[in-house]
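Modelling step: build the complete structure from the supplied sequences, incorporating the hints.
Protein chains in written order, with this note's numbering: chain W, 171 to 474; chain S, 23 to 304.
One or more hints might be untrue.
[Claimed, not checked] Residues from chain S that face chain W, not an exhaustive set, calculated with beta carbons under 7 Å:
no., residue
1, L53
2, V82
3, V124
[Unchecked claim] Computed far set for chain W versus chain S, every beta-carbon distance over 12 Å:
no., residue
4, A201
5, R226
6, R249
7, L252
8, A270
9, D358
10, G396
11, G405
12, V409
13, A444
Treat the hints as calculated values from the structure; they're not laboratory data. Where is the CB? At the ideal position from N, CA and C, for every residue including glycine.
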Amino acid sequence: MSFADRRWIDLWLPLYFTGAALVPLTGSRYAAELFLSLNLYLIFVLSWDVFCGPLRETNFGHSLFIGGAAYLSAGLCTRGGLGPLWSALLALIVIAMAGAGIGWVAARFRGPSFALATMALQLMAFQGVFLLPDVFGGEEGIVGVPPLVASPTAAYLLVLAAAAGVAGLRACLQGSHAGLLARALGDDEELARSCGVSAKLLKVGLFSASVALAGLGGVLYAHTQGQVNAELVSGGLSVQIVLLGLVGGTRSGPAASVVLFVFLQRALAGAVPAAALVYALLLVVALLLFPHGLMPRVAGRRTG
Amino acid sequence: MESVIFIVVRGSSYVTIALGFALVFGAGRVLNLSHGAFYLLAAYLTYWMAGSDVLGGSVVLAVVLAVVLTAVVGGLTFHALLWPIAHRPNRTMVLCLAINFVLAEALRAFFGTRGVLVPTLLDGAVQIGRVTVPWQQVLVVLAGAALLLATAFVLHHTRLGRAVRAVAQDREAAEILGIEAAPVLAVTFAVSAGLAGLAACLIAPLGFVSPWGWISPLIKSFAVVVLGGTRLQGILMAAFLLATAEVLAGQWISEGAAEYVSLLVILAVLVLRPRGIVRELR
Chain W
171 MSFADRRWID LWLPLYFTGA ALVPLTGSRY AAELFLSLNL YLIFVLSWDV
221 FCGPLRETNF GHSLFIGGAA YLSAGLCTRG GLGPLWSALL ALIVIAMAGA
271 GIGWVAARFR GPSFALATMA LQLMAFQGVF LLPDVFGGEE GIVGVPPLVA
321 SPTAAYLLVL AAAAGVAGLR ACLQGSHAGL LARALGDDEE LARSCGVSAK
371 LLKVGLFSAS VALAGLGGVL YAHTQGQVNA ELVSGGLSVQ IVLLGLVGGT
421 RSGPAASVVL FVFLQRALAG AVPAAALVYA LLLVVALLLF PHGLMPRVAG
471 RRTG
Chain S
23 MESVIFIVVR GSSYVTIALG FALVFGAGRV LNLSHGAFYL LAAYLTYWMA
73 GSDVLGGSVV LAVVLAVVLT AVVGGLTFHA LLWPIAHRPN RTMVLCLAIN
123 FVLAEALRAF FGTRGVLVPT LLDGAVQIGR VTVPWQQVLV VLAGAALLLA
173 TAFVLHHTRL GRAVRAVAQD REAAEILGIE AAPVLAVTFA VSAGLAGLAA
223 CLIAPLGFVS PWGWISPLIK SFAVVVLGGT RLQGILMAAF LLATAEVLAG
273 QWISEGAAEY VSLLVILAVL VLRPRGIVRE LR
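If you want it as structure tokens, here you go:
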């Protein structure tokens, strides 16, 4: 059994959340912003992994749901006259329903077909943002999005709680009977179906959960950053999420890759010329060096 | 008349862009999502070399060098990165997209985020009826036809072409008969990258190119192959069907709507034939 296979290694994640809760006490604005960014990325990547992890699929359109919820909430707030909490709630409901609908259609796709269909949807959304500048604010996006809670510290703790909640929910799902069936589907769908696993229901359920959690991340981003722009529905964000998820592997691997690489990204910015390029190269190198992820599955490997 | 000319030019550019993509998909069952990256690389190389003193400002020399360099990069990329994971289609797609991502950041670092204007091979325009057509667009049409015929000739009348077709039909049988798949596919990939590069040198001068300009050529190539398959007749038909749909959408709805046509084609084919592409990849 390798070092990464030992289950006690996953304890770092609750320790991380405990430590992150103490950050506001330091009084450092930089630290608070860094961890806020980290926690948002944790929500983005872990929500992606809720569906793609056990089912071994690759969703290239995850940013569509993040950005979709963000734009919807921001628009309802700034133009629809709704309060931030109601906007956020409504946006989450709409995006979850949309996710269920898309999941119902996408459940018939597998492997490359699924990946390409999600990529096509994301690209349509991205182009739509520029085609309707009056609605989406064009390149500038929507600004002046009010916060969900009064103080920055409260907002920070809200995002932290959400990230911890998403991580906990993901762990519960993966340890549950549904998670076991999902892994069976991911390993061999034909065999799982022949054993009576309801593939469509499971896929739709997990996809809806993944989309709803992604929407949560998007809504929190909009209301903590005060703005939404096309970057949030871009292919670049989707590819980053996929790379971080794959480099991570299983269990707490995706969370580990997020923490490692977001810290790396921040450390490189300003310290190294062409920092974004170096970061992108390091991600690709990590993908090549860890083909089964930082924390590979003990039994069975991602073969997709 | 104007619409017909737009369709012919657009269709020919799609033939040129999609040819390399179809070659790799047909021969190696590899969904090369980095096809747009090679297109972009050649466009920026041409822009940079034509603007520098190294080649004395010669656009022709810059184009030739850019295409050759892009082909070499393509072959090396396949051999070093993609061939080892060719049996894992999802992982191959992720790596290809990551290559696009890395290239976009590299171009952003060296050239900034603003679009660049790739120099044309031919200046001036010709009058066809009431329509003024730039010579560069005429070159795109002629080059599209020439490349299609050249590809058909190479595939059916050369030893390399026969090897490519053998590997495409049955890789194992080809290996048993002494045709090694890896070098054949590496050469195919290099040629594909070179074709993408040549397409860039012909088409990119018709507008601006930015670091995120890998998306459009990739989507067009993929839509053509999804619609028409990997046979040359299919590519020709699909390219012109797609061009017709886009021109009509642009005239009847809006220019923005035309951009959605390729994506709708991809989604429609995936929904109606979800195993269509997977069957090709198996």
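Consistency of the hints with the structure:
Taking 7 Å as the C-beta contact cut-off toward chain W, the hint placing L53(S) at the interface holds, the least distance being around 6 Å. Hint on V82(S) is violated. Least Cβ distance to chain W is approximately 31 Å, over the 7 Å limit. For V124(S), the suggested interface contact is upheld, since its CB lies about 5 Å from the closest CB of chain W, less than 7 Å. Even its closest Cβ contact with chain S, about 27 Å, leaves A201(W) beyond 12 Å, as expected for a residue assigned away from the interface.
Separation of R226(W) from chain S is inadequate, the least Cβ-Cβ distance of about 8 Å not exceeding the 12 Å criterion. Every CB of chain S lies more than 12 Å from the CB of R249(W), the least distance being 21 Å, so the non-interface label holds. Consistency note on L252(W): stated as away from chain S, and its beta-carbon is indeed over 12 Å from all of that chain's, at 29 Å minimum. The claim that A270(W) is not at the interface with chain S holds, since no C-beta of that chain comes within 12 Å of its own (minimum 17 Å).
No beta-carbon of chain S comes within 12 Å of the beta-carbon of D358(W); the shortest separation is about 15 Å. In this structure G396(W) is separated from chain S by more than 12 Å, as the shortest Cβ-Cβ distance comes to about 23 Å. Under the 12 Å C-beta cut-off, the non-interface status given to G405(W) relative to chain S is violated; the minimum distance is some 7 Å. The Cβ of V409(W) does not lie farther than 12 Å from every Cβ of chain S; its closest approach is about 5 Å, which violates its non-interface assignment.
Residue placement check: A444(W) does not keep its beta carbon more than 12 Å from all beta carbons of chain S (closest about 4 Å).
In this structure, the earlier hints numbered 2, 5, 11, 12, 13 are contradicted, and the remaining ones agree with it.
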